[in-house]
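S.K.: Order-wise, the sequence lines are chains L and Y. Residue 50 in my numbering sits at position 50 of the first sequence; the count goes up by one each step and never skips. Residue 649 in my numbering sits at position 281 of the second sequence; the count goes up by one each step and never skips.
Please keep in mind that the hints were generated in silico from the structure rather than gathered at the bench. In this text the structure is predicted, and so the values were computed from the model without any measurement. Possibly wrong hints are sitting among the right ones.
Covered, in the sense of this in silico footprint (three residues per stretch, anywhere, with C-beta under 8 angstroms from a C-beta of chain L), are these stretches of chain Y [what the hints assert, rightly or not]: (1) 417-423; (2) 493-507; (3) 519-526; (4) 611-620.
Even glycine gets a Cβ: it sits at the ideal position worked out from N, Cα and C.
2 protein chains.
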Amino acid sequence: MKRKEFLKKASIAAVGSSLLVQSCKSEDADSSTGPAIITNKKYKWKLVTTWPPNFPVLGEGCNMLAEWVKTMSGGRMEINVYGGGELVPALESFEAVSSGAVEMGHGAAYYWAGKSPALQFFTTIPFGLNAQQIDSWMYCGGGLELWEENYARFGLVPFPAGNTGVQMAGWFNKEINSIDDFKGLKMRIPGLGGKVLKKAGGTAVLSAGSEIYTNLERGVIDATEWIGPYHDYKMGFHNIAKYYYAPGWHEPGPILDLFVNKRAFDGLAPDLQEIIRTAAYRLNAWATSEFEAKNNFYLSKLINEEGVDVRRFSDDVLAGLKQYSQEVIEEVIAGDEASAKVYESLMKFSKEIRNWSEYSEKLYYNSI
Amino acid sequence: MKRKEFLKKASIAAVGSSLLVQSCKSEDADSSTGPAIITNKKYKWKLVTTWPPNFPVLGEGCNMLAEWVKTMSGGRMEINVYGGGELVPALESFEAVSSGAVEMGHGAAYYWAGKSPALQFFTTIPFGLNAQQIDSWMYCGGGLELWEENYARFGLVPFPAGNTGVQMAGWFNKEINSIDDFKGLKMRIPGLGGKVLKKAGGTAVLSAGSEIYTNLERGVIDATEWIGPYHDYKMGFHNIAKYYYAPGWHEPGPILDLFVNKRAFDGLAPDLQEIIRTAAYRLNAWATSEFEAKNNFYLSKLINEEGVDVRRFSDDVLAGLKQYSQEVIEEVIAGDEASAKVYESLMKFSKEIRNWSEYSEKLYYNSI
């Protein structure tokens, strides 16, 4: 059927039905009440990440985000994604976006604790919330508003954009049977986890990702944490470490974030702003799902193909780490009002959601 | 428009709808490859839900989805959201969208088990996956592809769009101390859960949401399940039931879905398709978070203000229910090839992710 012919028939078909008339009419209607006017203005933005280029899940996720935004905007917004060091060094991403040198970054707020200690509470804390719980605090419990307030001081807008889920505690060349076994342990563990290790009598060593393998192999360190089975497998730690401990008490559900220069974001029309916001939600959901799916596959591989000795920390070890974690956090908030405010909100929400978990998620895990 | 009138017109519209879609498509014909070219074409779509209008979380979430889509599309796509019964009866939503009478619906795939038993596996099954796990199966474990395949037979495209999280087992006026206590129990519990109850010697009663309270009050039923503390509180069940049991073994992480008429969806330019897809991801993440946050608040209210006796099923009760659930599911898949295929994928993924949970989520819940 030729186009003209069936357009005519379509309009005849439409006569019989007010439903059709309504939906056809809307195509021509001048709906002036719409929220935004689409302009043809094009944007080419840069997204600097703290990950190696195309890093599994996180780098890949940023590439996907760029595709989603491009498609949703009908090609009006193109985002070029850069691995850490390609445009700016990974840990200068915050500065680069804050200054407006580039428009977007992807990383984790606790990398920027040096700028403001409060920022680390927006990623994860030792013995803190898991992925589902921290999302709930962010989206529906006041967390994101606090994060926006704290990032606004640096001219940034944050969006939750990925979560590793509960990590592993790490790879060890010494058995950890009691809290005392951390004494003298040299471990690669950054952030608050590192401070907890120090309280337990160990030495927290900082190594860039690229140096960890060699340091562990040569005995410069006795242990290292990394992420979970998927990423750890790719690092090859199973070739040089004896024990793989769980759970990742220090990072139980770290949120990764997309951070956008506030002036650049505010300068966008509402449609593009909402496209970026919604794409970040999608990345958050997708990355969490991808970590779960891939970790499960690689854990089996590590156990069944590589014969890895996977162990659980004893209750004694966990109780000791928890006590030291509490002390570390109290020291952080004692010296910083912004931290105290964020921590108060987080703890109130934690207490309540954990009460509910006793009847829902936690109970269910123990019921099947 | 009155319902009867609408249905009559809708069926007329359905006849002409392929013409409409074709004519829409031809106007888009020049947007060939690459990112879409934004046209000023406007759409007014209808979204029929299976919930009462503005139903907490789920109805509210559909309203939000409509706003997100409107904003992201710069006003080019408006979605009018209808509560169950406003345009079509709640449980006729599937038919209405399948036929093209309306473009979108929001509900749960297990409502349509009568159309094809396989569909119920896309929502939840007794002793199945929780929210985080089923999302992972959907997005990264092959679940969504199977769902698309199964919905395509009905001219529909599915999108995960919300999750209640682990529900509660329900409200009971009889104590349940052993699996034998289900004998003779009259309970409002639909779907596979109802079949499990029957195997345990009880009677599964079907009641519309609006009738449950009166039935429980008058002793027509001895027990009812509903959702979780937030929605249950609003129903007022604590005023007429003695015991509130956990966990919701029958619905541990039900996915709600946005289902879209396939011809209508295929007729959209890629930018609007991606906008709808991404908005559904956002709704999925937001609704799960909102359930977690609100359930936790209302559980405290039920316990502390209403003095509700919240109980946990014993291991014996859960073991019995699990055994019957297995029998029920085996009966479903024995008679239906499509069900067997979906169930196989789900079970393979379940086994693997549960192994990982032993070192991650489950272990962490038990470590704090």
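S.K.: The structure should be examined with respect to each hint, and the outcome stated for every one.
M.R.: Each hint, compared with the structure:
no.	hint	result
1	417-423	violated (count 0)
2	493-507	holds (count 10)
3	519-526	violated (count 0)
4	611-620	holds (count 5)
Hint violations for this structure: numbers 1, 3, all remaining hints satisfied.
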